[in-house]
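Asks: Sequence:
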Amino acid sequence: NKFGPIENCPSGQWEAILVEANPLFEPALKEVAAKYPDQVHLNSSSAAYMCESKTAFYLDTKDVQAHYWGMGSSGDSATPEISMLGPDLNKVEVDTLNINRLLTENTIPGDWVMMKMDIEGDEFDIIPCMAEAPASVLVDRLYLEQHD
3 NKFGPIENCP SGQWEAILVE ANPLFEPALK EVAAKYPDQV HLNSSSAAYM CESKTAFYLD
63 TKDVQAHYWG MGSSGDSATP EISMLGPDLN KVEVDTLNIN RLLTENTIPG DWVMMKMDIE
123 GDEFDIIPCM AEAPASVLVD RLYLEQHD
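Numbering (my numbering), first residue to last: 3 to 150.
Note that these hints are calculated values from the structure, not bench results.
It is possible that some hints are incorrect.
Below, computed lysine to aspartate or glutamate pairings styled on EDC-like, alpha-carbon distance capped at 16 Å [unchecked claim]:
1. Lys118 / Asp142
2. Lys118 / Glu147
3. Lys32 / Glu22
4. Lys56 / Glu9
Please put together the full structure from these sequences, using the hints given.
Replies: Here you go:
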């Protein structure tokens with residue numbers, strides 16, 4: 003946890019809503035959810051997006067050093083990044099969750115909300131949508147990984 007100890011939450015109360023599309027991370031995330039059953043809510047095999055639908059992403063199941071790299075839903079199997087991985091690349095289909103709806107249904111204006119977003123380039127779709135949505139005022143701090 004690079005964001006500080008959860009014990010430092012002002013009220014001492016906290017909750018985490020985890021959204022993870024990569025099924026390879028599901029066992030570890032289930033352990034965390036089991037350790038904190040009232041605080042951690044897991045949405046595994048789901049991708050955060052700006053609507054509810056289904057999407058596909060591409061997953062390297064062999065490269066443990068790269069943490070099982072994935073390319074977001076905007077990835078195309080003909081792109082150089084995907085072509086270079088060859089047979090070690092698997093297509094994974096998952097449901098998408100509307101991030102604005104997730105915020106609206108799980109937070110109130112008095113909550114302090116921190117969001118960490120690393121969704122392999124789809125940030126470029128979600129951030130403009132979030133900025134236009136009423137739910138954007140519910141996020142106090144946003145961390146995201148930059149993808150070029």
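Asks: None of the hints should be skipped; say for each whether it holds.
Replies: Going down the list of hints, with the structure as the test:
{"no.": "1", "hint": "Lys118 / Asp142", "result": "11 Å, holds"}
{"no.": "2", "hint": "Lys118 / Glu147", "result": "8 Å, holds"}
{"no.": "3", "hint": "Lys32 / Glu22", "result": "11 Å, holds"}
{"no.": "4", "hint": "Lys56 / Glu9", "result": "36 Å, violated"}
Violated hint: 4 only; the structure is consistent with all others.
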